[in-house]
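K.L.:
Chains X and Y supply the protein sequences, listed in that same order.
Position 145 of the first sequence, counted from 1, bears residue number 145 in this note's numbering, the numbering being contiguous throughout.
The number in this note's numbering is simply the position in the second sequence, starting from 1, with 1000 added.
Keep in mind that a hint or two might mislead.
Claimed, not checked - Residues from chain X that keep clear of chain Y, each with C-beta distances beyond 10 Å, as calculated:
{"id": "1", "residue": "Tyr233"}
{"id": "2", "residue": "Gly297"}
{"id": "3", "residue": "Ala340"}
Stated by the list, open to error - Pairs of lysine to aspartate or glutamate, EDC-like flavour, derived with a Cα cap of 16 Å:
{"id": "4", "chain 1": "Y", "residue 1": "Lys1150", "chain 2": "Y", "residue 2": "Glu1256"}
{"id": "5", "chain 1": "Y", "residue 1": "Lys1199", "chain 2": "Y", "residue 2": "Glu1256"}
{"id": "6", "chain 1": "X", "residue 1": "Lys307", "chain 2": "X", "residue 2": "Asp322"}
{"id": "7", "chain 1": "X", "residue 1": "Lys244", "chain 2": "X", "residue 2": "Asp229"}
{"id": "8", "chain 1": "X", "residue 1": "Lys307", "chain 2": "X", "residue 2": "Asp335"}
{"id": "9", "chain 1": "Y", "residue 1": "Lys1054", "chain 2": "Y", "residue 2": "Glu1042"}
{"id": "10", "chain 1": "Y", "residue 1": "Lys1472", "chain 2": "Y", "residue 2": "Glu1232"}
{"id": "11", "chain 1": "X", "residue 1": "Lys98", "chain 2": "Y", "residue 2": "Asp1131"}
{"id": "12", "chain 1": "X", "residue 1": "Lys98", "chain 2": "Y", "residue 2": "Glu1232"}
{"id": "13", "chain 1": "Y", "residue 1": "Lys1169", "chain 2": "Y", "residue 2": "Glu1214"}
{"id": "14", "chain 1": "X", "residue 1": "Lys98", "chain 2": "Y", "residue 2": "Glu1214"}
{"id": "15", "chain 1": "X", "residue 1": "Lys307", "chain 2": "Y", "residue 2": "Asp1131"}
Hints listed in this document are in silico derivations from the structure and should not be mistaken for laboratory results.
Ideal placement from N, C-alpha and C gives every residue a C-beta, glycine not left out.
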Amino acid sequence: MREALFVPPGRVRPRCARERRAWLGARDIPGLGGIRLGVIRPRSGAAKRAGTHRGFCVDAETAFVFTREGRQMYKILDTKQLASDVKWFRIEAPLVAKNRQPGQFVIIRLCETGERIPLTIAHSDAKEGYIELIVKAIGKTTIELCKKEKGDTLADVMGPLGKPTEIEKVGHAVLVGGGVGTAVIYPLARALKDAGNYVTSITGGRTKELVVLEQELREVSDQVFATTDDGSYGFHGTVADKLKELMDDKERPIGAVYCAGPVPMMRAIAELTRPAGIHTIVSLNPIMVDGTGMCGGCRVSVGGETKFACVDGPEFDGHLVDFTELWDRLGAYRDQEKLALERLQHQHECKCGSH
Amino acid sequence: MPLTPKERMKIQRHHMPERDPNQRNHDFDEVNLGYPQPLAAEEAARCLHCKDAKCRCGCPVGIDIPGFLGEVEAGNLSKAAEILLSANALPGITGRVCPQEEQCEMVCVRAKPKGKGAPVAVGHLERFVADWARENYDVQTLIPEPSGFKVGVIGSGPAGLTCAGELAKKGHKVTIFEALHKPGGVLVYGIPEFRLPNKIIDAEVDRLRQMGVEILCNVVIGRTFTIPQLMEEEGYDALFVAIGAGLPIFMRIPGENLKGVYSANEYLTRVNLMGAYRFPANDTPIVHGRRVAVIGGGNVAMDAVRTAKRLGAQEAMLIYRRSRAEMPARDEEIAHAEEEGIDFRLLCNPTRILGSDDGWVRGLECVRMELGEPDDSGRRRPVPIEGSEFVVDCDVVIEALGAGANPLLPNATPGLKLNKWGYIECDPDTLMTSIPGVFTGGDIMRGAATVILAMGDGKTAAQHMHDYLQTKVPAGASA
Ligand SMILES: Cc1cc2nc3c(=O)[nH]c(=O)nc-3n(C[C@H](O)[C@H](O)[C@H](O)COP(=O)(O)OP(=O)(O)OC[C@H]3O[C@@H](n4cnc5c(N)ncnc54)[C@H](O)[C@@H]3O)c2cc1C
Ligand code: FES
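Based on the sequences and whatever the hints tell you, model everything.
P.N.:
Spelled out as structure tokens, the structure:
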């Protein structure tokens, strides 16, 4: 590592001014022991989870923190709660931000024992060197991620992955997002708008609480519709109902539909646009491991052919995707996911039981 | 008094001490225990020190085998380590995974007459010296004068690690880019812990770091950076592409997308890299089959089926379309698998995976095969016996049919010439690709091969990269 300064566990003081400056940039790392700059309490749970219990390294130039093994740590720069279980993160990941294009995702890992999960990059800034993610707390990893705050770190952020969306001039582009699927269409809205399209965004949820990013979408779309299944907010009905209304509007024919969300929703949208022959692009979310086309775990059937979503996608022609198979494969680890969640809740109760 | 050849001939080959099969097939600890020193010295004494030592030519990296065996016999382990390490930077790894029976040990005079003789256990002794050296031998890594050149190594498998070490020794500033979160390539994500413990690879990687090699994980070349970006914007003077053959091959039979069907890559990655055998302490899950069928007959298939057994499969089966003699796996792995209670179903070819109503695997339909005429590879071609279809009940199917070329990096690299299978083409001597300054080696150049060949490529490429750099001015020099 270039000019990296290794700090063994228990070291209290920087050796020189340059090291001190580097530590200053790194002091938000959990497990470093708070006020006493740079002291690692090797046995603390936070240090273990963060991987700093065996010491850490700081790059003198950039103040990036690396674990002893030389892995870079990814710092959370800012967070915002968007709904009770949806959170926005800004994460330091300059290499990912550099080449990232709309439609791409990252694979993250929280800690040494963590799993690898894909998350769409909602926004990025190459100059400032950060990416933004929007996460809904549904499984063990996402719930733990959503507990993280500014200053915490992620063990790994790998990317950008997947093919970028083909941003074309289609005239009227309609973007449909269900739940956190909205995080997927948000960067597309921005890019399609910049390419000179008329952009309509539809963001839906079961109830008002679950409609996210409406404000943000307004900034990058020509018109935005919020829908709720129960009518508690905006249009009463599903996103498909709203799309149907737009399809009936002969004034502004639809050039293409971009859609992301739960599988049943994407299927409904694809079925709706199929008879009308409207080009429909869906962003798929199968289970992934490596994200480089090495394992084949993310395979989906598209037009009768097997494709790897992590490298051939994640976006595919919605009229060709076998949604039944995708839905089925997503359930492969349902029992294990339940077990992991129960364990998490149990741990949580134990911790909180004391007060 | 040195032993006479006659005395040497009398010593029988020493069996590698192993853990009990019925104990080891429940955990992931290493199977082989390694020779204790007296046994190693005695085994080394079997070497006849032939004048024209065939074993040296049998070794893809040309280790001075009689030389280091002599030192082991004499008890000079640091001298033995020095000889070994001068030719092979990763002996702890190759001593465990090299197919010695097709290389050094195959040509050993003591292997004759065929079937009766037993070659000197070069592999076991290599492992012995390497393990000793890891604990006791400080490699004198002289940090050379910086050359001013910046070189990048893409992929941290055996090819990449070897190349990085060689380049660092020559004073170049080396950065390794690895797509996954842990360096080591197939050695960490593919080959299981019970055959090659991760701590051995970690030690190698640590050594490279001490030599000043920078390792950047989570960087996918072709996405995070492209090769033109590295050369033009990031100021790399030369690159070595060693991304392995990371593309799983599926049989393309019906039912492959059922739940419970894995590629061996996915199955092994979940277990080895992600630690799924520790679930729920580790977060990555895996489907624990009660009856697991692994398709294939190579090292990968052996690793997968033995892993399935360790994950608690009551029946772990290997389905292979030829007979045992044609299996490409190392002899030792086949023998270990048999001892551990793996059920070999030979001369069977899967035709279809059967599923239950809720989308899970419930069986594998196979057809029986017989061996016909030899094919191009010289192995007898299996031909199906008509009407002999039968169903193997199972709940997990793992396809271990080998690997192809992963197109991610080539697709993002204009001007990089590939052969018809998608592997990278290069000059056979210098290993330089169609792009000046970009070299390649290992599985992405050869097609799925072996660790030692990948390492050999890493070494060759490093030499030619060095020569190439001597004709250049460092890109960063003007800045
Ligand atoms: C399960 C299994 C068992 C095996 N057993 C044996 C054995 O017993 N004996 C033997 O000799 N051989 C064995 N082999 C074969 C041997 O492992 C390979 O031949 C060898 O590892 C090839 O080395 P490599 O350096 O070319 O590539 P790899 O080891 O495949 O390493 C390539 C690395 O590059 C990374 N990478 C890929 N794409 C990119 C990218 N775009 N950007 C950055 N990084 C990238 C990968 O993540 C990987 O870490 C086995 C293989 C497998 C899969
Ligand atoms: S996630 Fe492994 S191939 Fe796509």
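K.L.:
Between the alpha carbons of X:Lys307 and Y:Asp1131, is the straight-line distance 16 Å or under?
P.N.:
Not satisfied, since the Cα-Cα distance of roughly 44 Å exceeds 16 Å.
K.L.:
Once the closest CB in chain Y is found, is it more than 10 Å from X:Gly297?
P.N.:
Given that some Cβ of chain Y is not farther than 10 Å from that of X:Gly297, nearest at about 4 Å, it is violated.
K.L.:
Would the pair X:Lys98 and Y:Glu1232 pass a check requiring their Cα atoms to be no farther apart than 16 Å?
P.N.:
15 Å, holds
K.L.:
Compare the distance between the alpha carbons of X:Lys98 and Y:Asp1131 with 16 Å, and conclude whether the hinted pair is satisfied.
P.N.:
42 Å, violated
K.L.:
Can we trust that X:Ala340 is non-interface, i.e. its beta-carbon lies farther than 10 Å from all of chain Y?
P.N.:
It is violated; X:Ala340 is separated from chain Y by about 5 Å at its closest Cβ, not greater than 10 Å.
K.L.:
X:Lys307 and X:Asp322 were given as a pair; does the straight-line alpha-carbon distance stay at or below 16 Å?
P.N.:
11 Å, holds
K.L.:
Can the restraint linking Y:Lys1472 and Y:Glu1232 be considered satisfied, given a maximum Cα separation of 16 Å?
P.N.:
Holds. Y:Lys1472 to Y:Glu1232 sits at ~15 Å (cutoff 16 Å).
K.L.:
Minimum Cβ separation between X:Tyr233 and chain Y greater than 10 Å?
P.N.:
X:Tyr233 is indeed farther than 10 Å from all Cβ atoms of chain Y, at 35 Å.
K.L.:
Keeping to a limit of 16 Å between CA atoms, is the pair of Y:Lys1054 and Y:Glu1042 held or broken?
P.N.:
This hinted pair is violated, its Cα atoms lying about 21 Å apart.
K.L.:
Take a quick look at whether X:Lys244 and X:Asp229 sit within 16 Å of each other, Cα to Cα.
P.N.:
15 Å, holds
K.L.:
Does the alpha-carbon distance linking Y:Lys1150 and Y:Glu1256 stay inside the 16 Å limit?
P.N.:
45 Å, violated
K.L.:
Does Y:Lys1199 pair with Y:Glu1256 here, judged by a C-alpha cut-off of 16 Å?
P.N.:
35 Å, violated
Consistency with the previously given hints fails for numbers 2, 3, 4, 5, 8, 9, 11, 14, 15, ordered from lowest to highest.
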